[in-house]
Amino acid sequence: MEKWSLMTITVLLALTVRWAVSLGSYSGAGKPPMYGDYEAQRHWQEITYNLPIRQWYFNTSDNNLLYWGLDYPPLTAYHSFVCAYIAKLINPEWVALHTSRGHESQPHKLFMRTTVFVADLLVYIPAVILYCFSLKETSAKKKVSSALCILLYPGLILIDHGHFQYPLSLGLALWAVLCLSHDWDLLGSVAFCLALNYKQMELYHSLPFFCYLLGKCFKKGLKGKGLVLLAKLAGTVLVSFAACWLPFGTDVEQIMQVLRRLFPIDRGLFEDKVANIWCSLSVLIKIKNVISPRTQLKLSFAVTFLSLLPACIKLTVQPSLRGFKFALVSCALSFFLFSFQVHEKSILLVSIPVCLIINEIPFMATWFLLVSTFSLLPLLLKDELLLPYAVTTPAFLAVCLASFSILEKTSAEDLQLKAFSLSLKGYVSWFKSFPRIVRSLVSGTGLSDAALPPPQRLPDLFPVAVAVVSCLHFLLFLVYFNVVILWDSKNRGQKKIS
Amino acid sequence: CPFHPSSSPIFTATSEWTLDYPPFFAWFEYALSHIAKYFDPQMLVVENLNYASRATVFFQRLSVILTDSLFIYAVHECCRCINGKRAAKDILEKPTFILAVLLLWNFGLLIVDHIHFQYNGFLFGLMLLSVARLCQKRYLEGALLFAVLLHFKHIYIYVAPAYGIYLLRSYCFTANNADGSVKWRSFSFLHVTLLGLIVCLVSALSLGPFLVLGQLPQVISRLFPFKRGLCHAYWAPNFWALYNAMDKALTILGLKCNFLDGTKIPKASMTGGLVQEFQHTVLPSVTPLATLICTFIAILPSVFCLWFKPQGPRGFLQCLVLCALSSFMFGWHVHEKAILLAILPLSLLSIQRAKDAGIYLILATTGHFSLFPLLFTPPELPIKILLMLLFTVYSFSSLKSLFR
Numbered sequence: 001m002e003k004w005s006l007m008t009i010t011v012l013l014a015l016t017v018r019w020a021v022s023l024g025s026y027s028g029a030g031k032p033p034m035y036g037d038y039e040a041q042r043h044w045q046e047i048t049y050n051l052p053i054r055q056w057y058f059n060t061s062d063n064n065l066l067y068w069g070l071d072y073p074p075l076t077a078y079h080s081f082v083c084a085y086i087a088k089l090i091n092p093e094w095v096a097l098h099t100s101r102g103h104e105s106q107p108h109k110l111f112m113r114t115t116v117f118v119a120d121l122l123v124y125i126p127a128v129i130l131y132c133f134s135l136k137e138t139s140a141k142k143k144v145s146s147a148l149c150i151l152l153y154p155g156l157i158l159i160d161h162g163h164f165q166y167p168l169s170l171g172l173a174l175w176a177v178l179c180l181s182h183d184w185d186l187l188g189s190v191a192f193c194l195a196l197n198y199k200q201m202e203l204y205h206s207l208p209f210f211c212y213l214l215g216k217c218f219k220k221g222l223k224g225k226g227l228v229l230l231a232k233l234a235g236t237v238l239v240s241f242a243a244c245w246l247p248f249g250t251d252v253e254q255i256m257q258v259l260r261r262l263f264p265i266d267r268g269l270f271e272d273k274v275a276n277i278w279c280s281l282s283v284l285i286k287i288k289n290v291i292s293p294r295t296q297l298k299l300s301f302a303v304t305f306l307s308l309l310p311a312c313i314k315l316t317v318q319p320s321l322r323g324f325k326f327a328l329v330s331c332a333l334s335f336f337l338f339s340f341q342v343h344e345k346s347i348l349l350v351s352i353p354v355c356l357i358i359n360e361i362p363f364m365a366t367w368f369l370l371v372s373t374f375s376l377l378p379l380l381l382k383d384e385l386l387l388p389y390a391v392t393t394p395a396f397l398a399v400c401l402a403s404f405s406i407l408e409k410t411s412a413e414d415l416q417l418k419a420f421s422l423s424l425k426g427y428v429s430w431f432k433s434f435p436r437i438v439r440s441l442v443s444g445t446g447l448s449d450a451a452l453p454p455p456q457r458l459p460d461l462f463p464v465a466v467a468v469v470s471c472l473h474f475l476l477f478l479v480y481f482n483v484v485i486l487w488d489s490k491n492r493g494q495k496k497i498s
Numbered sequence: 001c002p003f004h005p006s007s008s009p010i011f012t013a014t015s016e017w018t019l020d021y022p023p024f025f026a027w028f029e030y031a032l033s034h035i036a037k038y039f040d041p042q043m044l045v046v047e048n049l050n051y052a053s054r055a056t057v058f059f060q061r062l063s064v065i066l067t068d069s070l071f072i073y074a075v076h077e078c079c080r081c082i083n084g085k086r087a088a089k090d091i092l093e094k095p096t097f098i099l100a101v102l103l104l105w106n107f108g109l110l111i112v113d114h115i116h117f118q119y120n121g122f123l124f125g126l127m128l129l130s131v132a133r134l135c136q137k138r139y140l141e142g143a144l145l146f147a148v149l150l151h152f153k154h155i156y157i158y159v160a161p162a163y164g165i166y167l168l169r170s171y172c173f174t175a176n177n178a179d180g181s182v183k184w185r186s187f188s189f190l191h192v193t194l195l196g197l198i199v200c201l202v203s204a205l206s207l208g209p210f211l212v213l214g215q216l217p218q219v220i221s222r223l224f225p226f227k228r229g230l231c232h233a234y235w236a237p238n239f240w241a242l243y244n245a246m247d248k249a250l251t252i253l254g255l256k257c258n259f260l261d262g263t264k265i266p267k268a269s270m271t272g273g274l275v276q277e278f279q280h281t282v283l284p285s286v287t288p289l290a291t292l293i294c295t296f297i298a299i300l301p302s303v304f305c306l307w308f309k310p311q312g313p314r315g316f317l318q319c320l321v322l323c324a325l326s327s328f329m330f331g332w333h334v335h336e337k338a339i340l341l342a343i344l345p346l347s348l349l350s351i352q353r354a355k356d357a358g359i360y361l362i363l364a365t366t367g368h369f370s371l372f373p374l375l376f377t378p379p380e381l382p383i384k385i386l387l388m389l390l391f392t393v394y395s396f397s398s399l400k401s402l403f404r
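Protein chains in written order, with our numbering: chain A, 1 to 498; chain B, 1 to 404.
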């Protein structure tokens with residue numbers, strides 16, 4: 001069958017799954033007084049439509065920052081404004097100042113779900129399709145099956161169309177990667193700046209972008225073309241930022257307040273249960289009580305940067321597209337594991353880059369994506385999204401198994417660990433039995449979390465168990481990805497010669 | 001709409017969703033009710049009409065999904081029967097794969113069963129299985145399955161002539177003359193007796209208890225409600241819909257030209273969405289007997305062909321599809337879902353010849369589109385559009401690549 005018809009079917013299937021999940025529950029459904037992320041988005045529409053820009057990020061009598069105050073950069077606010085404008089045309093009650101708080105109705109849910117669906121359709125899905133079409137050295141069928149696997153990744157579908165979130169920042173970041181893979185550096189920078197100005201969490205991806213582009217400039221020679229490129233890039237970034245922050249003018253007070261909202265340093269090392277080192281360590285030692293908040297901040301920054309330094313240096317010295325994609329994964333993972341105030345949903349910032357390399361390391365990528373979805377399970381259970389989870393995850397696994405026959409591809413060669421294993425001489429055979437242990441552990445914890453109520457003395461037992469198990473997995477993946485990056489060039493060199 | 005199984009299903013007239021399926025289906029619902037009590041006992045109380053707790057909905061939907069396993073098995077058997085002309089290396093191009101997808105992902109079946117809610121998958125499974133058995137020359141099994149099917153849902157009586165004539169011609173007369181006509185001497189009494197025995201046994205099993213209780217007339221009246229009117233609440237897109245439309249058009253014309261008296265005509269009679277008997281205003285009213293005669297005339301050509309020039313299983317399938325279509329076109333009180341009775345068997349023919357594929361594409365696309373009014377709430381709109389597009393794109397591109 002022709003490529004375009006297969007791709008159309010893939011997209012239609014992806015859209016159907018997304019809409020079917022949309023019919024389910026959302027974050028904070030029917031849970032006053034605070035509700036959840038869905039109400040937060042609706043509240044932002046209310047705020048941005050009714051109040052002047054000067055008041056969006058400030059605590060005023062009309063804008064109570066304790067009730068879902070805006071804590072994302074300006075582009076989110078502009079997007080909310082556009083949605084609010086459309087909402088006002090359909091039913092003004094949805095965004096009426098003060099009176100629309102906690103508004104829940106079927107038509108409104110339909111409207112909100114449609115806005116997410118449209119955002120997905122216009123930004124994220126085209127990026128995925130174009131990315132898959134631009135993959136080199138892959139057959140047409142492989143391209144389509146990669147697209148299918150990426151589009152059916154359960155984590156993103158359940159968070160965006162279930163829990164409720166907009167896929168715009170990830171979509172824009174994906175466009176940026178796409179542009180860079182075609183050597184359109186300026187366009188890629190613009191896209192990434194837009195992504196960054198949509199959600200500050202994209203900072204997790206900023207270092208690889210920076211190092212890769214810097215490395216490219218160095219390669220071109222700092223005395224000639226390299227310097228020109230550097231200047232152009234710097235200029236582009238500045239202009240993009242200026243364009244996004246234009247309505248705030250040069251008012252320093254405004255900008256400082258926005259930054260204070262974006263980076264809530266006084267909120268502590270972590271909130272809730274997240275598959276992060278600090279949360280897992282707190283099972284053994286109560287870190288929050290041992291170290292002061294200032295030291296916590298410094299400690300987490302130090303550890304984060306130390307863990308991602310090797311990959312970034314390698315990327316600057318030898319910029320390659322492949323290294324860039326792997327660095328996106330490892331840097332985002334480092335940030336997720338060691339950084340400050342990490343939310344469970346931030347694992348998506350790691351998952352999307354992993355999706356991009358699914359056709360290079362299908363086994364590890366699929367494994368990672370399954371674990372990342374599993375780590376979201378406590379959040380999904382809170383939102384009553386167990387059924388969509390239980391359906392989309394096996395479906396995703398089945399599609400990956402069929403597309404890439406991953407169970408057969410676990411040799412050292414396929415895991416891109418040839419060079420590394422040659423140095424270590426054959427420690428890789430244990431990989432084969434590992435999955436079986438892992439799968440039983442993962443499914444066991446998952447099932448028990450869903451089915452049984454927690455024991456009285458330890459009410460958080462299952463979320464903590466999920467978090468700890470996921471954290472251990474992520475540490476393993478961090479080591480794996482760093483190994484692949486650092487041992488990369490020698491492998492490539494040998495391949496080209498032979 | 002969920003049924004409320006209880007111990008005496010036929011006599012209760014307590015709700016608008018009365019049991020109007022044959023006895024085997026009632027027993028099936030009875031069996032389900034025994035499992036249902038583990039999910040939510042409240043749904044089994046007869047007074048609880050329109051009861052829809054989450055556990056109820058979950059149980060009902062799960063039951064449809066699980067009974068669909070019979071449908072999956074039947075599709076598997078059908079795929080075994082057909083032998084595609086080309087042995088393609090790529091699985092996507094294999095005729096068996098295409099047939100499996102066309103049947104399992106059939107848009108009509110998906111939305112009628114899993115959204116609108118019915119148990120058609122399992123019933124079509126029985127029908128496809130009986131077709132597969134007949135193709136495999138296991139005639140008695142095929143006949144048994146069809147007899148059982150009839151007692152599950154009597155709508156399959158639409159295709160009974162095809163079965164009857166085919167079995168008579170190809171099974172009861174065991175040999176043909178050199179020129180293909182029937183060899184009267186090869187009539188096998190044994191085969192006829194066996195077939196008769198199967199039919200009688202199944203009917204006895206199903207209707208027997210009601211015969212003993214003296215409730216047979218009640219059962220018959222529930223199964224064949226001729227008081228329900230020529231067209232269903234939602235008009236099935238058949239000949240009578242055109243007939244009604246013509247009647248309405250002529251009425252309006254007549255009113256405008258003052259041929260008719262406005263006071264004598266009832267208002268919005270047939271499109272009101274209710275199930276009642278109505279009279280036509282300008283054109284002659286249609287009686288059940290008239291529809292029967294029209295249907296009979298329509299199926300005559302295909303039945304004749306099946307008798308005089310049998311072409312084996314393929315001829316049988318063609319006759320089956322034509323019987324289903326004719327009954328759909330001219331039947332009394334036809335549901336729009338009945339179009340599936342024609343679409344699903346035609347899938348089996350579509351992968352074997354290009355001409356059949358062309359006809360299938362037209363029938364499937366329009367038939368599925370005609371099912372759109374079944375889902376009318378706003379949240380379901382994207383689902384039905386996306387699924388329709390999915391099936392249409394797939395069927396067109398796969399059949400096109402098969403018969404390139």
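Treat the hints with care, as some may be off.
[To be verified] Over 12 Å on every C-beta distance to chain A, these chain B residues come out as not near it, computed from the model:
| id | residue |
| --- | --- |
| 1 | Q136 |
| 2 | Y234 |
| 3 | P382 |
[As the list claims (entries may be wrong)] Straight-line Cα separation of at most 20 Å, EDC-like style, residue types lysine to aspartate or glutamate; simulated pairs:
| id | chain 1 | residue 1 | chain 2 | residue 2 |
| --- | --- | --- | --- | --- |
| 4 | A | K3 | B | D90 |
| 5 | A | K382 | A | E104 |
| 6 | A | K142 | B | E380 |
| 7 | A | K141 | B | D179 |
| 8 | A | K3 | B | E380 |
| 9 | A | K141 | B | D90 |
| 10 | A | K109 | B | D90 |
| 11 | A | K142 | B | E93 |
| 12 | A | K143 | B | D90 |
Please keep in mind that the hints were generated in silico from the structure rather than gathered at the bench. These numbers come from a predicted model, not from an experiment. For every residue, glycine included, the Cβ atom is placed at its ideal position computed from N, Cα and C.
Now the hints, each set against the structure:
1. Even its closest Cβ contact with chain A, about 29 Å, leaves B:Q136 beyond 12 Å, as expected for a residue assigned away from the interface.
2. Listed as a non-interface residue, B:Y234 keeps its Cβ farther than 12 Å from every Cβ of chain A; the least gap is roughly 23 Å.
3. B:P382, annotated as away from the interface, has a beta carbon of chain A within 12 Å; the closest lies near 5 Å.
4. Our distance criterion of 20 Å between C-alpha atoms is met by A:K3 and B:D90, whose separation comes to about 14 Å.
5. Distance check on the hinted pair: A:K382 and A:E104 sit about 18 Å apart at the alpha-carbon level, within 20 Å; holds.
6. At roughly 32 Å between alpha-carbon atoms, A:K142 and B:E380 are farther apart than 20 Å, so this suggested pair is violated.
7. Distance restraint check for A:K141 and B:D179: the Cα-Cα separation of roughly 50 Å exceeds the 20 Å cut-off, and the hinted pair is therefore not satisfied.
8. Between the alpha carbons of A:K3 and B:E380 the distance comes to roughly 29 Å, so the proposed pair goes past 20 Å and is violated.
9. A distance of roughly 10 Å separates the Cα atoms of A:K141 and B:D90; the hinted pair therefore holds under the 20 Å criterion.
10. With a CA separation close to 43 Å, the supplied pair A:K109 and B:D90 exceeds the 20 Å bound.
11. A threshold of 20 Å between alpha carbons decides the hint, and for A:K142 with B:E93 the separation of about 16 Å falls inside it, so the pair holds.
12. Taking the CA atoms of A:K143 and B:D90, the gap is near 16 Å; set against the 20 Å cutoff, the hint holds.
When the structure is compared with the earlier hints, violations turn up for hints 3, 6, 7, 8 and 10 and for no others.
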